[in-house]
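Respectively, the protein sequence lines represent chains A and B.
Just so we're aligned, residue 0 is where the first sequence starts under numbering that gives the first Met the number 0, counting upward by one.
Just so we're aligned, residue 0 is where the second sequence starts under numbering that gives the first Met the number 0, counting upward by one.
By construction, these hints were calculated from the structure, which means they are not laboratory data.
Hints are not guaranteed to be accurate.
[Claimed, not checked] Pair by pair, the computed Cβ-Cβ distance ranges are:
id	chain 1	residue 1	chain 2	residue 2	range
1	A	ILE108	B	LEU301	44 to 54 Å
2	A	VAL11	B	PRO89	21 to 31 Å
3	A	TYR143	B	GLY99	27 to 37 Å
4	A	ALA266	B	LYS164	29 to 39 Å
5	A	ALA100	B	GLY99	16 to 26 Å
6	B	SER280	A	HIS129	52 to 62 Å
7	B	THR96	A	GLY39	54 to 64 Å
8	B	LYS383	A	VAL11	51 to 61 Å
C-beta atoms are modelled at their ideal positions from N, C-alpha and C, and glycine is treated no differently.
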Amino acid sequence: MTAPALILMALVAAVPICYAIWLSLNQYSLLQAGLSRFVGLGNYVEALTGQDWWKAFGQTFLFAACSVALEMVLGTGMALLLNLAFRGRAVLRTVVLVPYAIITVVSAITWQTMFDPTTGFIPQILTALHLPGAGVVWLGEQGYAMAVIVMADVWKTTPFAALIILAGLQAISQETYEAAELDGAGRWKTFVNVTLPLLRPAIVLAAIFRTLDALRIFDLPFVLTHGANGTQSMSMLAYSELNENRLVGQGSALSILTFLTVMIVSAVYIRFGGGNIRDIAREDR
Amino acid sequence: MDTALTSPSSPNGPRRAKSRSLAGIIAAAGALALGLSGCGGTAAPSAGPSAPVVDPASGKGASGSLSICGGRDSVGLYKGTIDAFMKANPGITAKYTVLGATTDESRTQAVQRLQAKSGECDLYLTDVTWTPEFASQGWLQDMTKVTDAVKGTLISSTVATTQYKGKSWATPFYTNAGLIYYAKDKVAKPETWQQLYTEAAKSPGNGVVYQAKQYEGLTVNFLELLYSAGGDVIDDKGNVKVDSSETRKVLDFMAQGIKNGSADRAVLTYDENATRLAYESGKFGYQRNWPNVYGQLNATPLKDTFGVAPLPSFDGKSSGSGVLGGWNLALSAFASNPGAAVAFVNFESSPDWQKHVAMDYSQAPAGEGAYSDPEVLAKMPFAKELLVSVKGAKPRPVSPVYAQISAAINKNVYAVLSGASTTEDAVKNMADQMKTAQASF
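With the rest of the complex left out, here is chain B (with noise of 0.2 Å):
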């Protein structure tokens, strides 16, 4: 990894070829490959993590212009967040590019820019999956004296999603964990998992919904049970640990609710969204869902009927732990105004800003002090609970191809889950792929 290796740089990443136009193969094969020429020789500009630290007080006095870059804008938080920064900051014109309208297409367009070594965004919004990638490429700027200058006022489970190789990548900006939203006048609020499971499977309108397609969704639903059972998938050395009882004893749980219908088998097709509506049409007792989902269930006619629970815990073994979410800004190694980069961040982590975040945007602060403010409660009732979740919550494994890992986990859950492979097949690919995915690191 510390060799890095001089060869042609070219602007342009990989990008999928998915023309369905007359246009014909030679277009297609074309674009493919047009993409593709792109990938060649990307040496990273310092490999491994040895970047100059970032001093917080370089933010101070900042001027000029400055760029973020991130996913779609859904609630507004980044423009508003961006105007407010403006204000306070007379000196800086900050802007917001979209780079995609979703997590994968985002990612895809940051790592182009990054390979290029381009400077056209200072930060970048990066989901907490990324950090591992993206530091060991040597894309980003070591931001540890930033956000160890925060740290005491930010829940320290979001500042986990930072770390990779003992510092920080990044700064949290906000963070989102599991809830589980249920009907208070069928079901009771949920202590641990077999205790829900148990409820639901009692009447056909008291099922549970989660997400289980075969997708990165189902990966977060998983290691939420696993992660509560006392299972891990790999340590802190990268060795792979998921073949063990706990994988297992939460695999054929999972199967089981499908099979007796704590769970309804349609959830095999479900993402957060569908998750949400089929809840919505009032047949089911539990939904495990993020917490954007409470706004849009108040505004249907099961406003007053549902309560907000933090996600339980496996056996009543420990309290309940689940996965955070969340995105993080990384300041870029390629940075044009690293200056006003660090002022962004400053302001952005602030526990006042963090307050507006929650109260403004319905959006998970990754401050502790937000979810005991009372303006807070007043629009984010379950706080409380989600706060909770919050603090309970693990990281994903953390590794530079964690994309492949969770395609070992997701694909190998949803065979047993769907019928289609036993727990032991599911355990033993599951480990073996994860193997193979980190050999190829």
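Next up, chain A with everything else stripped away, as it sits in the complex (with noise of 0.2 Å):
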């Protein structure tokens, strides 16, 4: 019974990845009326030794390195939080979701305007408390566009990381607390020695999820600066490559390039990461 869904999965996947990786081999724009010419790994010689790829390259890791590792850290608070017993805990737990639900282009106009000099609330707040980043042309500005990309994918996403690691926080077994309460272990220490440990896997886990999004990131930089003041990232090149500019064969070179980075970082977690990820999977059903 196997076969046809393999069939189905070739046409589905396989096929269309060769295609593409054909396309990328070739020189060939759509303004040429269907002219291809063959060209070998010249489109990816030109991408690797120029300087858009790299460029987009280092934002796109500056980018996913910032705002994944701001997400581990709060939505570890966040599911430590939320696995307290309290009243309401489970309206709450669906409530934190509500960012992650919004459609990220709509939050975006929503950060855009947040952070307008003249008409947005975050930067009247910082002038009229005489904060640093008064003043400052946010989105218009080198280094403060990306923090607020970074902020808004960190609000829009944290709770989806929160989500997971709460799940393995349950899997912990309040034995292992009680042992460790006999022990004498303080509130910190616990949470250092026990807690942390055997969240590991579920962490790492969140942050794979969230690296492979992160380095895929279109639309937040899309809508908020269109690639200006150092957010261009790798999605948004191939996309100009491929759709403003119509060079199929360039375009595609720069996705399976985009395609092959997201695959060496899962391969790097999965193998380096520590903590196995099958197993929380499993405790997971």
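Using the hints, put the two chains back together into the complex; each one sits in its own frame.
Structure (structure tokens):
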């Protein structure tokens, strides 16, 4: 019975991927009436020896590193809070997911409005309280623009990370804590020596999900800066070659490079990230 | 360009993959690749502008169903025009299909259908910058005769946006040109850009806001100054002309404006909507924006405090000269009911319907007569200023690789305005990137 499924998989995934790889080996512009020429690895050489790809590569990794690190720290904190027994916990667990449910483009526009130097409330508050960052045009400044994009992403996806970590937290048996208490460990010591190590697989899993997503970031920088001020991601670069410039060969090569980057990073995570990801998946069930 | 190679055609075009779900990398790659797969052999039917000429009389007595495809119908103009058209032509059933929410999205959707030689859409609503790309691919029918029949009543600059290689590939529907909105109580009506910036620098509340985010809008804002300073981007033969003293002068002028506070630095993040919102805060003296802002501004407390002016000239050199926006209707080479399509084009471009474009939908008509019509003036009191702007406006660089040319402009202009690049480097980069873009065609 697996044969039809395999054929379907091949059609849905393998064939198009192979085709994309084939396209990336050709010089092919949609503006040339179907004229296409095989250039081997020419598009890749062009991308890897030019500045644009490496710039986008660096900017994407900077974004991924900052946003994922913050999301893991804040997500763990949020998971610990949601794990406490209190009234209305179930409601709160649903409510914290609201930012995650909002379409990214919409939340990007919201953040843009919030940080508008004239009408946005954040610059107004900063100015009124004479805080650092007052008078800065956040989205129009190198560094600051990336900060807003990271903040918007953290705001949106921390609840998602928190839920995965919360699942890991609930898998830790109460007996472990009782044993720690018998040993006379304080709250902080229990957290560092018991909770955190046992939580590691869950955190790694959340970090993998978030990193893979972050490396493919497109909509936030597209809406907020259109790639200006050091915020052009790898996906945006591929998009502009493919869709705006209609250079299918180069665009495909950039897409494949993005794909390879994501593959390599996930392989590294799984190999060296520690924590047995399969275990947590089993415990979840 | 004249060799159409035969290769397998396929129904899809490029589509961006931006799945952020947990579907994972395979799904994402698959989706991207699926989108890509459509880009495979897409041989244009008859490459180059050698299409048969459409007869304007072919619309007479047309019947059957008609499908018009284009962008979001934000003010109801398309639906309204179709309803009025069907009333006048009971034999035709017309419908409007929205191809995408943004200009870019609807271009992608239109290109996908045209590549696939789809007969789904008879008429495409095309942005004024798409004409060369679509015409050069053999996707459109030659509308020269249809457009010539109404040419006398249309503003000639709008007709120019339909032209590629000496022929008309569309008929104007409505047009658009930039305007200056100014606070009458604080600042004077501007005659030159220099005067506007000087006035704006006098007091923090006098500043000017415009669109300087790194996108197509910045291209337009820059070209408006460049054209009025007598500069150009590419000439009729396709030679790159951007490396000029005018370009340097305009770039320095704009950068200086941000440095000395004439223009708020926040413009680096502004598109049309953000510009409007900033101006509505009452903290600025001038805003450069499109005519549609008039109605929105009138619904705010700033009603009665603002004036509308045509775009100023640069240095008092010439009369102001803007950049044309607006939308045309192009007849698909694969249309299933070309007769009804021609009937529709004849209807919308008639002087009578052009009046309704302004009166009922507050869009800038392509028909010149509408601007002096009393009924229109009652609804659109700035029609005179608008006509000056539209008549003085020039099309954007006419090239099948317009998208890349525009990107070369807005990226480098942005770099100068934000202080990341010197004028000299930016001008050189701009010219180089334009030449590379043209070589890719």
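Q | Hint check for PRO89/B and VAL11/A - Cβ pair distance inside 21 to 31 Å | A | 47 Å, violated
Q) So the hint says 52 to 62 Å: do the beta-carbon atoms of SER280/B and HIS129/A match that? A) 21 Å, violated
(Q) Within 29 to 39 Å: is that where the Cβ-Cβ distance between ALA266/A and LYS164/B falls? (A) 52 Å, violated
Q: Starting from the hint 51 to 61 Å, judge whether the C-beta atoms of LYS383/B and VAL11/A obey it.
A: Holds - the Cβ-Cβ distance for LYS383/B and VAL11/A, about 59 Å, lies within 51 to 61 Å.
Q | Outcome for the supplied range 54 to 64 Å, where the beta carbon pair is THR96/B and GLY39/A | A | Distance hint for THR96/B, GLY39/A is violated at roughly 41 Å.
Q) Does the hinted range 27 to 37 Å hold for TYR143/A and GLY99/B at CB? A) 32 Å, holds
Q: Can you let me know if the beta-carbon spacing of ILE108/A and LEU301/B is within 44 to 54 Å?
A: With Cβ atoms ~23 Å apart, the hint is violated.
Q) Within 16 to 26 Å or not, the Cβ separation of ALA100/A and GLY99/B? A) Given range 16 to 26 Å: holds, Cβ gap about 24 Å.
Hint compliance for this structure: hints 1, 2, 4, 6, 7 are broken, all remaining hints hold.
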